[in-house]
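Start from chain A and add chain B according to the hints.
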Amino acid sequence: MAATAHQIPSSDEFLILDDPLERDEIAREIVPGADGARRFEAVLSIDGVHCAACVIAIEDALRDCIDEISVNAATRRARLVWRADEQQLSQACERIARLGYRPRPVSQRLVESAQAAGRRAALWRMLVAVLCMMQVMMYSVPRYVAEAGSMSEDIVGLMTWAERILTLPVMLFAAGPFFVGAFRDLRHSRIGMDVPVALGIAVTFVASLAASASGGEVWFDSLTMFVAFLLVGRWLEAAARERAMAGVGDLLAGLPERVERLDDQGGASLVGLRQLRPGDRVRVAAGQSVPADGVVEAGSAHVDESLLSGESRPLLRRPGDALAAGSVSVDGPLMMRVARSARESRLQEIADLMENASARKPRLAQLADRWAGPFLGTVLALAALAWFVWHTIDPQRAAWVAAAVLVVACPCALSLATPAALLAASGRLARHGLLARSPQALEALAQADTFVFDKTGTLTLDRLDVVAVQVHEGRSQVDALQARAVAAALEAGSIHPLACAIVRDAPVGIALPEVRSVREQAGAGIEGEVLLEGRWQPARLGSLRFAAQTAGGEPLRGGLVRDHAAQAAGHTSRLSDTSDASIAVDEGDVHLSIDGRIAASFSLSEALRPETLTAIQRLREAGMQLEILSGDAPARVARVAAMLGIETWQAQASPEDKLARIESLGRQGRHVAMVGDGINDAPVLARADVSIAFATGAPLAQHRADLLLLGERLDRLALARDHARQAMRVVRQNLIFATAYNAVGIPLAMAGWLPPWLAGLGMAASSLVVVLNALRLAPARRSLVPVFPDPALPQLTAH
Amino acid sequence: MDILYLLVPLSVVLVLAITGLLAWAVGSGQFDDIEREGQRILIDDTEP
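Here the protein sequences line up with chains A and B, keeping their order.
Reading the first sequence from the start, the letters are residues 1 to 799 in our numbering.
Reading the second sequence from the start, the letters are residues 1 to 48 in our numbering.
These aren't lab readings, by the way, just hints derived from the structure by calculation.
Just so you know, even glycine gets a beta-carbon here, dropped at the ideal spot from N, CA and C.
There's no promise every hint is true.
Stated by the list, open to error - Example chain A residues on the side facing chain B (calculated, C-beta under 8 Å, incomplete):
| hint | residue |
| --- | --- |
| 1 | F40 |
| 2 | R120 |
| 3 | L123 |
| 4 | W124 |
| 5 | V128 |
| 6 | L131 |
| 7 | Q135 |
| 8 | G157 |
| 9 | L158 |
| 10 | M159 |
| 11 | I165 |
| 12 | L166 |
| 13 | P169 |
| 14 | L172 |
| 15 | L382 |
Unchecked claim - Ranges of calculated distance between the beta carbons of each label pair, as one might list FRET restraints:
| hint | chain 1 | residue 1 | chain 2 | residue 2 | range |
| --- | --- | --- | --- | --- | --- |
| 16 | A | D264 | B | W24 | 19 to 25 Å |
| 17 | A | A84 | B | A25 | 46 to 52 Å |
| 18 | A | R732 | B | D32 | 34 to 40 Å |
| 19 | A | A686 | B | G29 | 46 to 52 Å |
Said to hold, decoys possible - Partner residues are not named here, just some residues of chain A that face chain B (Cβ under 10 Å, in silico):
| hint | residue |
| --- | --- |
| 20 | C132 |
| 21 | M134 |
| 22 | M138 |
| 23 | Y139 |
| 24 | S152 |
| 25 | W161 |
| 26 | R340 |
The following block holds chain A by itself, in its conformation from the complex:
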């Protein structure tokens, strides 16, 4: 990193980024704003960003050159938004480079190799520093333990020379990044994290050199020790940071590098993942992951989709079923046809979204960043003050104390406190099928005390179900089971939602009666002939008027018997327990007439999602206020609300009504979480403190909600809230710790009670504690062996 920071790349280097082809690789177009201009969004990885001061410098430099810029110190990622026709990404990159940082578009494979090189360099620096530190300690120990006069002048001189020689690699090489960083900061006249550290190191070194020449006390041991501690701390911190981010990387790491593509002759060849095109046929071996979105052509296997939806149970996939990239075939080989290339897959969408979210900055972190500059200025002033004061008390120690003050102060811990925790938490939520579009979403979710639900498609499934069958007793030759069978047989060919519900309701284990000359009358119903008791009888299914037409307008009379066999599924039985006849009429009722007589009536209504009850219950147990805001008819909303025990509801609400309600809740000081379908409800969702939607259908980028539920599992809401609260708890702990550390460390150092090596240890440890605390939130890393065969190892051969 030290090497690259010196070379300012030529401006041509970034011009290629403006090429439309290249741009499509690294950026994606976002929804146009009010002015209708085309905007692109890209995430850059920026080498050399260590702390808040760097972040502010970059953001300031780019503010007038592109539309949006936000840099995250924890991830070293920057999110840029620019207008396609007026602004250029190359220009932005050039400005970043001119500040002394190194921008790289994230989606290039180059980034990974650059990161690996950076890791190696950091590791070597650390090892050099640690090794030299140990040996310098060896040479200095005799000075501490020997009785005065027992060591000859020559021996002392020899030891000091040895110390000096082994300190050189530490100063010239290992501590390089600190000096480079400080130099960069000073050249742009700002104070970054590296300035006090570099100043501390330099002061100690120069003072020791001067002392060794004049025979005074030397601190080479302290110097090497704190450089070593700082580097170890940075190394561990980088490793932890990488793990916290692993949620994003892991997603795409799940895709195989090479794929077995089948040609028409039945032969197979290994091709790269990027070479897959829609329409290609691919074999997925057991234990391998699916390379692209597509459809099963042959074979069946259980498929683990936990990466995409958080669903932990493997699901059976048979020919004709859809497969999603990144899911893993657990127990069998599958032949699939690719529907979309890897670049357009759902998995890529999810990864892009997380990448984006991690580049945004939560409010608390912005606050910490704002204070970092003044904080460092204060530290410099305090160090100077300490030096002057100690110069009058004990000139020997003045340099030593000033160095300790410079080194102990650590805004790093402050600026890492929030992003590290939120990052780790979003990684964990993603494992459970919840995507946070921004870190703020977690913050807001943790505070939410009111959950407002849309009804259709959110609490209920977007389809109708038969909830009750009423047989008109005494006037019909069929029982309820037969009636259901006849109806299902009539509707078998229809795609009308009502028809689908009736077909789904067909009794299990009974052969459907034969039907002939079935005709569908749009808007009215369906008619045909049905083979019952050995003869063909005319049958009609539809509205009461339609069904009764051949019945000669005969009025409906007689007792209605509710058939409980129709209510096999748990949720539907609850539905009919609470519904009464008047509500049932409000639903779409369908009537069946056989041979001119009304035989049975089917009540249809929308079905609750199977997990809605648990979800509501868990939220209620957590003390949340629950509310339904729906555009649907009052009777239906009332019934769903009654079933779920939700007292506050509003029906026939227009989007304006919904907005007004959310705003009035906000005025009452409530923190509102709105759960809706994410697309139609966009303006309403935007007004709530945090919005949650199912990520179904449309491309993820079109959803406007803060949090997306990937697996259609409403019951994850309570879980999400728990995780968010835990994340905020860790953030608070981190902020308190970082503040307390600085508040205690700096006065101690000024009082001269903290030797520089201990200051170095403290600074390294404080950053580390903050990141490790955040890491408690990160998902456990799973073993890579059984699930994702390593592409670099030669087991993926063509035979």
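Chain B alone, transformed into the frame defined by chain A:
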């Protein structure tokens, strides 16, 4: 104690030599992925 005049410079040289050795080890990627080498034995390789 005269031996120290030999041993101390020798130790300095030794440390520098070890540093060089580490440089080679790091540079050739010995520490890039510590987990993988341990797991390699668990994976079948069908290629000779």
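Here is what the structure says about each hint:
1. A least Cβ separation of about 34 Å between F40 of chain A and chain B goes past the 8 Å threshold, and the interface hint is therefore violated.
2. About 5 Å separates the beta-carbon of R120 of chain A from the nearest beta-carbon of chain B, less than 8 Å, and the hint is met.
3. Residue-level restraint check for L123 of chain A holds (minimum Cβ-Cβ distance to chain B is 5 Å; threshold 8 Å).
4. Given hint, W124 of chain A at the interface with chain B, holds; its Cβ is 4 Å from that chain's nearest Cβ, closer than 8 Å.
5. Contact between V128 of chain A and chain B, as hinted, is supported at the beta carbon level, the nearest pair being about 6 Å apart and thus within 8 Å.
6. The closest approach between the C-beta of L131 of chain A and any C-beta of chain B is roughly 6 Å, which is under the 8 Å cut-off, so the hint is satisfied.
7. Restraint check, Q135 of chain A versus chain B: the minimum CB separation of about 5 Å is within 8 Å; hint holds.
8. Using the Cβ-Cβ criterion of 8 Å, the hint placing G157 of chain A at the interface with chain B is not satisfied: the shortest such distance is roughly 11 Å.
9. Given hint, L158 of chain A at the interface with chain B, holds; its Cβ is 5 Å from that chain's nearest Cβ, closer than 8 Å.
10. Of the supplied interface hints, the one on M159 of chain A holds, with its beta-carbon coming within about 7 Å of a beta-carbon of chain B, less than 8 Å.
11. Evaluation of the I165 of chain A hint against chain B yields a held restraint, the C-beta minimum of about 5 Å falling below 8 Å.
12. Given hint, L166 of chain A at the interface with chain B, holds; its Cβ is 6 Å from that chain's nearest Cβ, closer than 8 Å.
13. Because the smallest distance between the Cβ of P169 of chain A and any Cβ of chain B comes to about 7 Å, under 8 Å, the interface hint for this residue holds.
14. With its C-beta approaching chain B no nearer than about 12 Å, L172 of chain A sits outside the 8 Å limit, and its interface hint is violated.
15. Violation of the interface hint for L382 of chain A is found here, the shortest Cβ-Cβ separation to chain B being roughly 36 Å, above the 8 Å cut-off.
16. For D264 of chain A and W24 of chain B, the hinted distance range of 19 to 25 Å is not satisfied, since their beta carbons lie about 51 Å from each other.
17. At about 48 Å, the CB distance of A84 of chain A to A25 of chain B agrees with the hint of 46 to 52 Å.
18. With their beta carbons about 37 Å apart, R732 of chain A and D32 of chain B fall inside the hinted range of 34 to 40 Å.
19. Between A686 of chain A and G29 of chain B the CB atoms are about 49 Å apart, so this pair conforms to the stated range of 46 to 52 Å.
20. For the restraint placing C132 of chain A at the interface with chain B, the shortest Cβ-Cβ distance is roughly 7 Å, inside the 10 Å limit, so the hint holds.
21. The interface hint given for M134 of chain A holds, since its Cβ lies 8 Å from the closest Cβ of chain B, which is under the 10 Å cut-off.
22. Nearest Cβ of chain B to the Cβ of M138 of chain A: about 8 Å, under the 10 Å cut. The hint holds.
23. This hint holds: Y139 of chain A has a C-beta 7 Å from the nearest C-beta of chain B, less than the 10 Å allowed.
24. A hinted interface residue such as S152 of chain A counts as satisfied when its beta carbon comes closer than 10 Å to some beta carbon of chain B; here the least separation is about 8 Å, so the hint holds.
25. For W161 of chain A, the interface hint holds, since its Cβ comes within 10 Å of a Cβ in chain B; the closest pair sits about 8 Å apart.
26. Look at R340 of chain A: its Cβ only gets to about 30 Å from chain B, farther than 10 Å, so that hint breaks.
In summary, the structure is inconsistent with hints 1, 8, 14, 15, 16 and 26 from the numbered list given earlier, while agreeing with the others.
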